[in-house]
Structures are given as C-alpha cells and as structure tokens.
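If you read the protein sequences in the order shown, they are chains B and E.
All residue numbers for the first sequence refer to this note's numbering, where the first residue is 1 and numbers rise by one.
All residue numbers for the second sequence refer to this note's numbering, where the first residue is 786 and numbers rise by one.
Careful: at least some of the hints might be erroneous.
Sample of chain E residues facing chain B (criterion: CB under 8 Å; computed from the structure) [as the list claims (entries may be wrong)]: (1) Leu854; (2) Gly893; (3) Gly907; (4) Glu910; (5) Ile914; (6) Phe940; (7) Ser969; (8) Phe972.
To be clear, the hints were calculated from the coordinates, so they are not data collected in a lab.
Backbone N, C-alpha and C define an ideal beta-carbon position, used for all residues, glycine too.
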Amino acid sequence: MKKIKLPHGIPDYNLGEIVREVPNSEPPALPVNKKLKVIGKRIKRIDALAKVTGSAVFTADVQLPGMLYGKILRADVPHARIKSIDISAAEEHPGVFAVHIFEKRYEGANPKKNSPESGYPDVIYAGQPVVGVAAVSTDIAEDAINLIKVEYEPLDFVVDLDRARKPGAPLVYQTDVDQEASSGGEDIEEGLKSRGNVRGPTTRSFYGGPRGDLEKGFKEADVVIERTYRTQVQTHCPLETHGVVVDYNRGHVTIYASTQSTKGTRNDFAKTFNLSKSKVRVISEFIGGGFGAKHSLGSFGVMAGFLSKKSGRPVKLMLDRKEEHISAGNRPNSVQFMKLGAKKDGTLTALKQLSYGTAGIGLGAGVGNIAQAMYECPNFKTEQYDVFTNAGPGAAFRAPGNVQGAFALEQLIDELAVKLDTDPLQLRDKIDKSMIRKVQRERAVQLLNWKKPKKAGSDPGPVKKGIGVAQAHWPRFVNLDSTVEIRVLRDGAVEVRSAVQDIGTGTKTVLAQVVAEELGLKAEDITVLIGDTLFPIGPPSGGSVVTGSITPPARNAAHDIKTQLIELAAGELNTDTDNILTENGWFFSKTDNSKKISFHDLAGKLRVEQITATASRSDDYGGFMVGTVGFEELGAVQFAEVSVDTETGFVKVDKVVAVHSCGRPLNIGQIESQINGGVIMGIAYALYEDRVIDENTGQQVNPNLDQYKMPFTFEVPEIQIELIEEYGARSSTDATGIGEPANIATAAAVANAVYNAIGVRMTELPITPSRILAALNKAKKENNE
Amino acid sequence: MKNKKPKKEKSGSISRRGFLKGAGIAAAGTVIIGSGVAVLESRKSVQNKDFEPKTINISMKVNGSIRQLNIEPRTTLADALRNELHLTGTKVGCNRGACSACTVWINGIPTLSCMTLAIEVGDREVTTIEGLAKNDRLHPLQEAFMDHDATQCGFCTPGMIMTAAHLLEHNPSPTEKEIKVALSGNFCRCGTHPKVIAATLDAAKKM
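With the rest of the complex left out, here is chain E:
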C-alpha cells in the first residue's frame, strides 16, 4: 500500500481538523535562536494532549518554583523537563541510564531523569543545571569548568556538573580518586575527563 491514500476521519477518535481547532489557543511567538536571528513563527501549537492514554495534571517543584504539568503518565522526568518546561539544559544521551547526561537532583540527590517518570517525583524538589547558579552567581564548579576548559562540545557538561557539584556539597575536599568515583558513570566522547577532574579539584579549593 502506498502512503498517498486519501485521509478519512474515523468517528470515535479525534479528527485531524478537530484536533487542530482544539490546539488553537497555544503559543504563537518569537523564537530567538542564539545566532542572533529572530524567526517569527505564527503557526499554532499542537502541544495538545487530548489523546489516549489520557494525560494527567501534576505539579512539580523545579528550581525553586512550583510548575504545573499536563503529561502522559509514561513521560520521563527528562522529557517533562525538556519538552514541557523547556529546561533543555538537562540532556538525554542514551535514554537508558548509561551516560548520566540527564543527571538532575531530586531532593539534592543526583538522579537519572531519563530513568525516572515525572509522576514519581511527587512533592520532592527537582534541581536542574539551570537552577544551580544562585541569584545570578555561578556555582564555583561552573566557573572552574570555564577556567579549565572542561567543556568541549558541551553536551555532557550539565550532567558532569550536576554530578560533581553534588560531590562537593557532601565532600568539600575530595581526592582525585573520589572525583573519579563520583563521575565514573558520566560519559564524554570529546575527552573532557582530565579537565573535568582538574576543574572539580580547583572548585573544591575555592568553595
């Protein structure tokens, strides 16, 4: 069967046209891309969740504020943060707990957000890379990462920082070996490990 068959609208399920109408309230706005060029988008959003399985409303405390979410129960915390709350600093590298790029804190404990359902979080507090700097003051580890050139492509960086920052909270003067243990699950293909370790040692000195 070819894919150019006429579209028929089935009763009982939501129709395409109906769906579009229903989605009409959502954002039309300006997307600023980092290269400084503004792209004006006027199309309607389709981020409507009126599908089976039914979506549910939850609230979640993220980076100090309570956020409302309307998600499918199967939505991972990583997807909820990234796609619903637009906190895209948290990265997904493998989506099965093998690379730690998605590391966030739940009640201060480093957690793989790709292996956690958003609905599991409950009333615990989530901290992401976006919430690590306090009152516009960078965490010393963020400063140290910049000073030591501990980023290359930068995709593993948020996970590295969330993991190492937790170590420093609990162990203010870690040895190199303790840092290696803490970061032993964080994958980096560019090879930032030596500089990540140096940056963490340096940040510990400055904290």
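Next up, chain B with everything else stripped away, as it sits in the complex:
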C-alpha cells in the first residue's frame, strides 16, 4: 500500500486535498480538470463520424451471408390455456427454414411450478411469444406466421392495478414467484410471499429497513399531510427496437445484440442453451438506445437462438414497434399512499410510504429508495408491493423506482413548504443533509436570481405561469466486474479493449479520453474496441455505473502501459526512467529537452508486435460507502417553468434549469447531452406518455409512436444546465455516470410548477389537459361549497 494525496471537494466551494492509502498498483493522483488536457473537455465523440454518415452498424443493420429473418407469433389474448398449435402450413411455406414453438416462458417472474398439461406454457399477457419462424425475408416470415393456427382456451384476466389487488381477481400466477433482478438497478427482494396478485411488501433497501417509531413521529408533528399519488406505465421506446442476430454455428454461437449488457446477454444464452461461456460471443458495437430495457437476452433472443440452431443459419430477429411496446419492458405504474409529519420549523418527524405498482407479469414495481434516503427523518417506514397483472413485463427504466418515488416525495415536500409558508429551497436546506445538493441549490439561487415563489395560482388571466423545484437522489454504484485491456502496437496504435458497450452515452469517447490523458496523446489517437465479449468483461450500461466502473481500470491499464514505454524510452534516450516525461505524443528527458523520441517511433522499437496491460476495477479508495448517504451521491436539483392554459388545460414547459454533478466530469458535451435526455424524458413522463391497456380486451391500444404520445421538437423547452465538479477521491479517475439522476426530478419539478401556476395539486401522471380541467373544476366546486 502507498499513500497518495488526491483532490477532494468542490472547486470554488471547499476544494482541498485528502490523503488516501491505495494499493501500490494504483497510478498517481489525477489533478483537477483545470490542469488536464483531454479529460473534462468538450471532446468530439470518437464515433460521431460513423453516426453522421450512416456507416455505424447497429444490430438492425447487421447482414451475414445466408442470414434468415425471424418473426414471432404472439398471443393475441391476455390469459389463456393453449389447446393446440398447428404449424404445418408455416413449415411448408416456401422460404421458411425453421419454426419453433416455445415449450416454456422465458420472461416475467418464474413460477416455482410451471408444468402445464398441454405441453405449452399458459399465455399470461397479450403479446406473449408462442411460435417463431425463420425465413428468407421478414415479409415471408410474416406470411408464415399468418399460417399458424393456435387454439386458445380463454381465461379471466386482469390488467388494472386496482382491480388486480381486489380479492377474487383473476390470478396471474397460482403460486409464489421469484425473479432475478436485471443489472438495470431495479430492486427485487427474494423469497417474498404473494396473496392473490399482490406480492410483498418490500420494506428494505441497501440503506436498511424502517427507522424509529412512526406513531411517535406523527405525534410530534405540527403539520401532517396525507396524499395519494399515481404514476402511469411508461414504455422505453428506444429508437432501435430490441433485437439480435444469432449465428448458431456447430456449437459456436455469435450473437449481434442491441444490448445494454454484452456480458448478461452472453451469460443468458450460455445458460439457456447449456453452453460454455467461451462458446458464446456477443457483439454490440452500436446500440440504438436502451434506457434500462435491454439488459438481458430476452425471450426474442432465446427464440432467435432456437431458430438459428434449427436452421443452421444466422437469424436476425428485430422486434417491430408494436412488439417493443407490448413485450419489451416498461416502467411499472404506481399508487403511493404518503403521510408526512413535520414541525413548524420544517423538521421532518415521520414519513410513511405505502405503494403498489404493477410490472405486469414481472417484478420490480417498487418506488425506490428516494423517500428513505433523501431527507433526514428519524421515523420512516415503507411498504412496497408488487401487483401482478396480465400485461407485458416491466423492466429497469432509467432510475427505476426513484422516478416514481420522486414524483410523490417531491410534491409532498413542496406542499409542506406551502403549508409552512416557507421557501421550498430553504426548507430543503434544513432537512437535506446532502452536501452536493446544498451547493447545487446555492448555485441555482444565484443562477435564477431565486426568490420565494409567488402565491400559487395568483397570475391574472387564463394562461398562468408557475415555477417548481424538485431534487434527485441516486446512489453512486460501482460494478467491480469491469476490466479493460490496453494494447500498444508497433505502429504506434493504441487500442482499448473491453466488452463494455456504448448505448449512446459516450462510453467509447470517455475511455479514449482517459487513456489519451494518461499516455500524453489525443482522444482521436486511441482506437476503442468495445462491445465484444472476446474482450475482457465490462459492466452493464445501467444504474449510471459505467463511467465510474470502467474508466478507473482503463486509466490503471494505461498507466501500466506507460510504465513499460517509459522503461523502453529510458533505454533509447540513455537516461533513468525517473527522468522521462510524456507529453503531446513525445517522451522527453526532463533534464535535456533535446533528448526525445516520439510515441510512434518508440512503439517501433517494441520487441514484439504489441505490448498489453489489463486492469480490473479496484475497490474504492478509502473503502466503499455502503448504505451511506451524502457527499458523493449523484444528487441533482431541477427547476421547471411552465405555462398552464386554464381554459384548455394545456401545459407547456417553458424552461428547465438542471443543476447536476457526476464527480469529476469527463466529457462536458456528452454530460450535457445526457442531462438533456433525462429532462426531456422527464417532461414526457410528466405530460405525455401513458401506456393504455383496454380493460375489456387486455390489449394495449397505443402500441406505436403515432399513438403513444411523445415529445418532439415543439415539446422540448429551453434547458439550462449547470454542472458542478465534485472530487470524492474514490478512484483513479473519480468520475461517475449521469444517466439516472438526470431523469429523476423533472416530472416532480413540472408538477410543482403546475401547482404554482394554478394552485391545484396534480397528483396523477400524466398531467393531461383533461386532468387539469377536471382538477380546476373540482377545486372551483369545493371553493363554492
């Protein structure tokens, strides 16, 4: 072990240094961004050229010789027993190479008992895959799908969260079920029992369980607020749908996958097909978005595997847009019963949270840990229940749980501020112990020239303006299974190799930056080869873990390479290794500037064609802060300004101010882009998106982009971003991700702004014109009474 001095704190606030004891293999401390050349700058994405010229090859674009196209017949009933399946006509159809019937269900929760008499799994949602076909074109595969006859024996079904909770509701599962959580960050507690369709409750997170004594806390309170909040089901809608190309070739399988986890996809496939991991290779060079839904192989991937195995040919199976909506994941809805107690000075005395949510046939419909972790409150209890319905399985979705949780919690805190007639930022100063959010609020006050918001609904005229604030909390997760190999080749090329994937967040570019900084090169000098399980395994792209997990080993491996090169340079320049300086692609003698050799020429002197170094993510410097809240969490504060037309109910978001931090920022442009994305997705969640299932048929009625309402250019407001550097001295790069925190606070900020505009609380998402008008009418009636 050795001691190194690292930057610690927030520039222009409390920046200092801290000494940490770290393993000898760790590189020297990286100074603050101001002193660096490549890190922390607006570096162009290294794959931008491929994206703007159309040469980027996504999974949807992969074409292999002899490739077939797969298509899935999906059940068009929400709950049924399959009596028979006749695939003979499909098999005979010219151009069809393989037909496969699923013998079990490969998605949702796994009932412990699942051995249907018919030999086919029961259908438990409309959209469940039943049969797959591989043919020479998608059109012909579709023709064949239409020739398949499935006889269903319909069963009673339930798709509504409230109805599914009632005694006597049709059961989705007959037994207790479990499900492995994905790497996307949703919480699923093992071994919980079900009563009817209701499973749980979950009462714990990694922050611990209940605290204190609720009853005592509410007794101590001067103000008690009770509210019920509802959030809708949101679908991920990545523009590239889920899909794979599986090439099952004599026991060796190559899979091109639009995935957030090459590792997870490989491991799922190896397990399902009983193959060694070394026989399965997953390649994922460009991914058209994921947002949490693309962490596993998926039932379609299993189907493509069977079809490729049967046909002996590569099979491409991309979901169409409808399949994407109904079967490929969603953010579960929620109903949250909240009760908050506080003293007159704002001190929280008790917080009780009871929630139900449905991830359809899956688990993971909790409302996160934000209520437990964001504010100081000695007496706290949460009970979070999963409710099964006959609908497509949920999936991790950008800050799973905490987006739903923030909508309720942050409106509740806003309501408390109004009740106590205090500034919502001052109230948070009192109850929020997070250092980073304190600084963020201070920065926002200066930036916005912030004053206590005007009285709610006080604007004259029909169009009323409002401002609202809400905060985000997301833990700083690290995935230790993160390994990078760096190679330098004799022609001076530098390669970064890892199985980690870039889902559009810019992982390739930050890897290039970190390695370039270490080696004294430019980002564009680095070749980043990632998204391939032939390379060392990297983390899944979920939970904002990638940057904090993969960039430290990249720097450590680059440092190892640099050490090897310095030794070589010292020999070439006839000096000591201590006397070598690397800068701008050159190795210098510190004492004699004329003694120098370029990176390129030095690489030419290598004894072998390449030198290589591999590093894995080491433990956090200073030890992991498991279950603690505070300084280094990924907190954020967001403000929304809205206009509400009280005659039409139409809400327009005029501006969002987003104050964020993510440790040491690596690439400013990419961070801004992700914050923009989180904010826009949050606005869409607040105002537009809503998966609607018809209760009479069990079918989603809006399963495409023309029906499922989404923001386009006119719905996107001005977004002002303030990024605060924060050094935690936790790793050799000290950087973290930004994907989740960007998405957590927005909907709550919009809802609070709507309240400030019209003086009526909107407790149900999405905040549609009809809901605004209904709420205004109800308030008017109540005022008249």
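On the provided structure of chain B, position chain E as indicated by the hints.
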C-alpha cells in the same frame, strides 16, 4: 402438434434442397465488423427471390449511380435500400411513418422510405445519408452535428440530418422556429433535440 415433425417436400412448391442449390451462386465473403475483428463466413447466401409473389427487376438511381434490384413488389424503399443495396444508414424506427428515422430524399424532397414502395420510385433519384457527403467532403450539417454533440445513440441521426439538410437547401438562414417545424416529425428518445437545433443553426451560418 409438436414442431419436430418430419419434413416432407411438397411437389409444386420449391423444395428446400432445390432452393439451397439454386441459391448457391451468392456471396461467400468476409464481413468486417466495426470492432475490428474479421469474421470469415463461408456459407452460401439464401437471398434468392424465387418465390411467390414473384419478384421483379427494377433499376433505381441511388446516390448518383443506377442500381439493379430484384425485389418483391411489396418491398418498401427502406427495405430495398437496407436489405438489397446494403445502405443501412437509413433506419427504420416504427415502419409506419411516425418517427422519420427513415427519411431519404426523392428528387431532393424528404420522403419517408418506410411508407414508400421501392417500385414507386421510378426514374426519380434517391439520396440517402450515405450520399450526402460529396467527394468525401462532409455536408456542413454533418460537421455541425459532430461539433455540437448532436448525436447520442445515433439511430435517429440520419433521419434528422436528411430532414435538416433539406431545410438548409431551401432556407439558408432558418430561424429556430423554422428548424423546429422542419424537424417536428423526427423522433429522438435520447433527447438530442436541443443540440440538433443548435447544430442546424450553426451549419446554416457556415454554408
């Protein structure tokens, strides 16, 4: 009925074995994936189109050159470009005209290629994202997209660029609102809109 039944070959329709033989001429070659690993594929192609409904031969002018296509009449322009001509820069997001990812130009007019049959194109000229750069010089909009970080996952990017580039052809100095109108049908889930608008404004200045 289980799916493991013996395969019988029906007379009158093309047999599986016959089909394979017929497909024997096609490409065996090397596929280079972007991660730099070469995969040698030696299997025969099955991209033979000897099925009902009958395929037809058409020619189409794409990015300046005349291309020959043998396609089913129902083939969309998007599928023809992507699957037959391997111009996969044009993306399909929804396949029903709701996301504009598939935008190409036909005689210079932005057109949704997923809503257009390949046989409708006739003697008009198709320009795709691959044909936007002229003589290896990027279109200023492509440069601006890179400078402004206007791509995230990149899947909507070709459609965004083809739409915005058309706007700039006809309106060299658009206002922000005019850009928003032009791009109002282009869906992006990553949230690139603010930077796409900034990039388009910037490209207009430089053109």
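Hint-by-hint comparison with the structure:
This hint is violated: leucine 854 of chain E has a C-beta 14 Å from the nearest C-beta of chain B, more than the 8 Å allowed. The beta carbon of glycine 893 of chain E comes no nearer than 18 Å to any beta carbon in chain B, farther than 8 Å, and the hint placing it at the interface is violated. Checking glycine 907 of chain E against chain B: minimum C-beta separation of about 22 Å lies over 8 Å; hint violated. The beta carbon of glutamate 910 of chain E comes no nearer than 17 Å to any beta carbon in chain B, farther than 8 Å, and the hint placing it at the interface is violated.
Look at isoleucine 914 of chain E: its Cβ gets to within about 4 Å of chain B, closer than 8 Å, so that hint holds up. Annotation: phenylalanine 940 of chain E was flagged as interfacial toward chain B, and the flag holds, the nearest CB pair being 3 Å apart, inside 8 Å. For serine 969 of chain E, the interface hint holds, since its Cβ comes within 8 Å of a Cβ in chain B; the closest pair sits about 5 Å apart. For the restraint placing phenylalanine 972 of chain E at the interface with chain B, the shortest Cβ-Cβ distance is roughly 6 Å, inside the 8 Å limit, so the hint holds.
The structure fails to meet hints 1, 2, 3, 4 from the earlier list, while all remaining hints are met.
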